[in-house]
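Anchor point for the sequence shown: position 196 equals 196 in this note's numbering, and the numbering is continuous, going up by one each time.
Rather than coming from a laboratory, the hints here were simulated on the basis of the structure.
For glycine and all other residues, C-beta sits at the position ideal for the given N, C-alpha and C.
You can trust all of the hints, since none of them are fake.
Distance ranges between label pairs, derived from CB positions:
no., residue 1, residue 2, range
1, H28, T121, 15 to 21 angstroms
2, E43, D67, 25 to 31 angstroms
3, L196, D137, 38 to 44 angstroms
4, E115, L221, 42 to 48 angstroms
5, R126, H28, 20 to 26 angstroms
6, E151, N98, 19 to 25 angstroms
7, A76, E151, 29 to 35 angstroms
8, S220, A76, 38 to 44 angstroms
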Amino acid sequence: MNSTKAEILTKWYLRLNGYFTVDNFIIHNPVRISNGVVSNSTETDVLAIRLKHSREIAGQLHIANDDELLNGFDSAIDFVIAEVKTGNEDKPNKVWRNNNEDAIKYIIRFAGIIESEDEITFVTKRLLADRTYKKDDKSLRIRLIIFSETEPNKNWKNVKHISLEHIVDFILQVRGQCWIENEIGVASVHYQWDSLINEIFAVANRQEHEIGVKKKEIMSLLE
Numbered sequence: 001m002n003s004t005k006a007e008i009l010t011k012w013y014l015r016l017n018g019y020f021t022v023d024n025f026i027i028h029n030p031v032r033i034s035n036g037v038v039s040n041s042t043e044t045d046v047l048a049i050r051l052k053h054s055r056e057i058a059g060q061l062h063i064a065n066d067d068e069l070l071n072g073f074d075s076a077i078d079f080v081i082a083e084v085k086t087g088n089e090d091k092p093n094k095v096w097r098n099n100n101e102d103a104i105k106y107i108i109r110f111a112g113i114i115e116s117e118d119e120i121t122f123v124t125k126r127l128l129a130d131r132t133y134k135k136d137d138k139s140l141r142i143r144l145i146i147f148s149e150t151e152p153n154k155n156w157k158n159v160k161h162i163s164l165e166h167i168v169d170f171i172l173q174v175r176g177q178c179w180i181e182n183e184i185g186v187a188s189v190h191y192q193w194d195s196l197i198n199e200i201f202a203v204a205n206r207q208e209h210e211i212g213v214k215k216k217e218i219m220s221l222l223e
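All chains should be built: construct the whole structure from the sequences, respecting the hints.
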């Protein structure tokens, strides 16, 4: 699968499930300066945040979300750090592999979901150890999620994983179908959206084609 297309697919999957997203988030590193230009430590593919009462309603239709992603979500805020991997890539980037606390703190500060530096440090250590953090009072959940073609390798089995193929299945079998099952019509496409996601929905909307045929065509769009 093309890596850029995989990132677009993941961003829209999060958006369709009620998350506000920031893609290609750069973590600046003021220690690394070249010719007067501040360099960066790394890039995070997608940051996403969802609030507890998020729901999308069109008329009488409550538009379907994916339980695989929400995963029992009962916190006021769900913050996702998404790593998108294609081909045989099966682990997150070096920030996580090298336990780069400064980079994770940078992300948490940017999100604005934790105030004190002491708590930011505590949460960062928990994230690096457990890949997830949930406050006891249910006010916040933070997760690293790997979206990839293959399963995470044995050293990263404790990370939440969602396959890129699952995203395609969700669009085909859940998100698109919820309109049809309520006899409203097919999901609309919009020129404001990325052209790739419009192409995917155009295929998903072809009711004369079987699911398997449509899935094969969508997967070819992502190559």
